[in-house]
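Protein chains in written order, with our numbering: chain A, 1 to 321; chain B, 1 to 117.
Heads up, a few of these hints could be off.
Counterexamples of contact, computed for chain B against chain A with all Cβ distances above 10 Å [said to hold, decoys possible]:
#, residue
1, Arg12
2, Ser24
3, Arg46
4, Asp85
5, Pro93
Subject to a maximum C-alpha distance of 16 Å in a straight line, what follows is the list of computed EDC-like cross-link-like pairs (lysine to aspartate or glutamate) [stated by the list, open to error]:
#, chain 1, residue 1, chain 2, residue 2
6, A, Lys10, B, Glu113
7, A, Lys5, B, Glu115
8, B, Lys25, B, Asp54
9, A, Lys27, A, Asp149
10, A, Lys153, B, Asp85
11, A, Lys183, A, Asp207
12, B, Lys89, A, Glu184
13, B, Lys63, B, Asp38
14, A, Lys183, B, Asp100
15, A, Lys29, A, Asp149
16, B, Lys89, A, Asp149
17, B, Lys25, A, Asp162
18, A, Lys10, B, Asp100
19, A, Lys10, B, Glu115
20, A, Lys5, B, Glu113
21, A, Lys281, A, Asp265
22, A, Lys153, B, Asp38
23, B, Lys25, B, Glu115
24, A, Lys221, A, Asp115
Keep in mind that the hints were calculated from the coordinates and are not lab data.
Don't be surprised by glycine CBs; every beta carbon is placed ideally from N, CA and C.
Single-letter residue listing:
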Amino acid sequence: MGEIKLIEVKEGILSENDAIAQQLREKLKNDCTFVINLMSSPGAGKTSLLLRTIPRLKDKFKIGVIEADIDSIVDAEKIRETGVGVIQLRTGGFCHLDATMVKSGLEAIGSSNFDLIFIENVGNLVCPAEFDTGATRNVMLLSVPEGDDKPLKYPLMFTVSDVLIISKVDYLGSSDFDLSLLKERVFKLKPGIKIFEVSSKTGEGIDQWVSWLEEEVSILKSTSVKELNVTAMMAVREMVGWSQKKLNFSGNTLAQLIREITTIDGQSLYSVLIDEEGAVKKDYMVWLNNRPVKEQHSLEIPLQNGDRVLLTSMIKFSAGG
Amino acid sequence: MHELPVIESILRTVLRHAVANQVSKIVTITLHIGELSDLEDEWVQRYFDFLSKDTLAAGATLKIERIPIVLKCNQCSRTFEVRRDELGKLGCPGCGDSSDFSLISGREYYIKEMEVL
């Protein structure tokens, strides 16, 4: 009989899923797609919340929904009626979604075309908590009729959530649900969790939830990497040393772009082109998509992917003359 | 509920380590599972026995060590263990504050080590 050796493994049991989730998260960030993993027990109000949320944001953002809740053929139809892209994941009655399933769902819906995607996870407070889906935010729903002791029964779910939406608050008056006790219990498990109190029936609290969501998605959108076509002519061309460039710009405005471009001797183009008031100096011209830009406020316009920028001078730079 | 994919994942990982270390048989596998997670011990062993048949891991015993939930009170810096059924008890045993905690342990879900021949 040989000798027993000890081998240290120290690997997460779900490390494969975690790796896929992490990759997914990176891709979503680069695509500027905000994905919400919506979790709750069955009947807590995920679909009703979406039906209230989507109309408020669909003119601002391109929204998609991935349905995975087991009973959700009915739900998918209701969501489809709001006019957003919906796909139904066939989970085969499985108890949760993992990163691989979410990845295939996102591929099926063409996620890079969307600003905001909601994943309606399987109605279950146990299993979804264990699996990182690669989503940007985990949002869980707890409805008032379910009771304020859920954090004691399903602590893990609260630990992994970034946002808790307490739904069906129109029931507060007629139940013994203790809101402040619930919050204390939740903060113990996840300090800093964001809590919203809503009623999809009366509309209470929906404004705050929608505002928060709008801001989060807008922040992500403003960080997108934009491919810009920049042309430098006349004196500017001589200063920067190139005449045409495709730039990957992760900033936001024209002013920021000019700040980032440097001359051959390392100086930022900003001090050359822009005066103290933040406007284009009179000897220079800045064009954005064939339109001249002069004033400070016009330089603060956010740039978009594919924009064409022209930087030029009015006088030809002559060396030694 | 999803023990099967979890056991498959454990099996893949230990077999990979076994092959890399030129092991002839895996005797025991120690898992660290935090108290916040659920894993039904009895079923885990049964599923494992079924899936590991004819592999280097056949016959291995799964040892599940449950890692306690430990909270830290950010007010007085005291750390203390909490049982799952005690999560309802609010207030730090040291200073009594119930508003500002950090979770130190309880979410573990990994394969710690294995004994092999």
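Now the hints, each set against the structure:
| no. | hint | verdict |
| --- | --- | --- |
| 1 | Arg12 | 8 Å, violated |
| 2 | Ser24 | 8 Å, violated |
| 3 | Arg46 | 17 Å, holds |
| 4 | Asp85 | 8 Å, violated |
| 5 | Pro93 | 13 Å, holds |
| 6 | Lys10/A / Glu113/B | 6 Å, holds |
| 7 | Lys5/A / Glu115/B | 6 Å, holds |
| 8 | Lys25/B / Asp54/B | 11 Å, holds |
| 9 | Lys27/A / Asp149/A | 37 Å, violated |
| 10 | Lys153/A / Asp85/B | 8 Å, holds |
| 11 | Lys183/A / Asp207/A | 20 Å, violated |
| 12 | Lys89/B / Glu184/A | 10 Å, holds |
| 13 | Lys63/B / Asp38/B | 15 Å, holds |
| 14 | Lys183/A / Asp100/B | 12 Å, holds |
| 15 | Lys29/A / Asp149/A | 35 Å, violated |
| 16 | Lys89/B / Asp149/A | 12 Å, holds |
| 17 | Lys25/B / Asp162/A | 43 Å, violated |
| 18 | Lys10/A / Asp100/B | 31 Å, violated |
| 19 | Lys10/A / Glu115/B | 13 Å, holds |
| 20 | Lys5/A / Glu113/B | 10 Å, holds |
| 21 | Lys281/A / Asp265/A | 20 Å, violated |
| 22 | Lys153/A / Asp38/B | 11 Å, holds |
| 23 | Lys25/B / Glu115/B | 9 Å, holds |
| 24 | Lys221/A / Asp115/A | 8 Å, holds |
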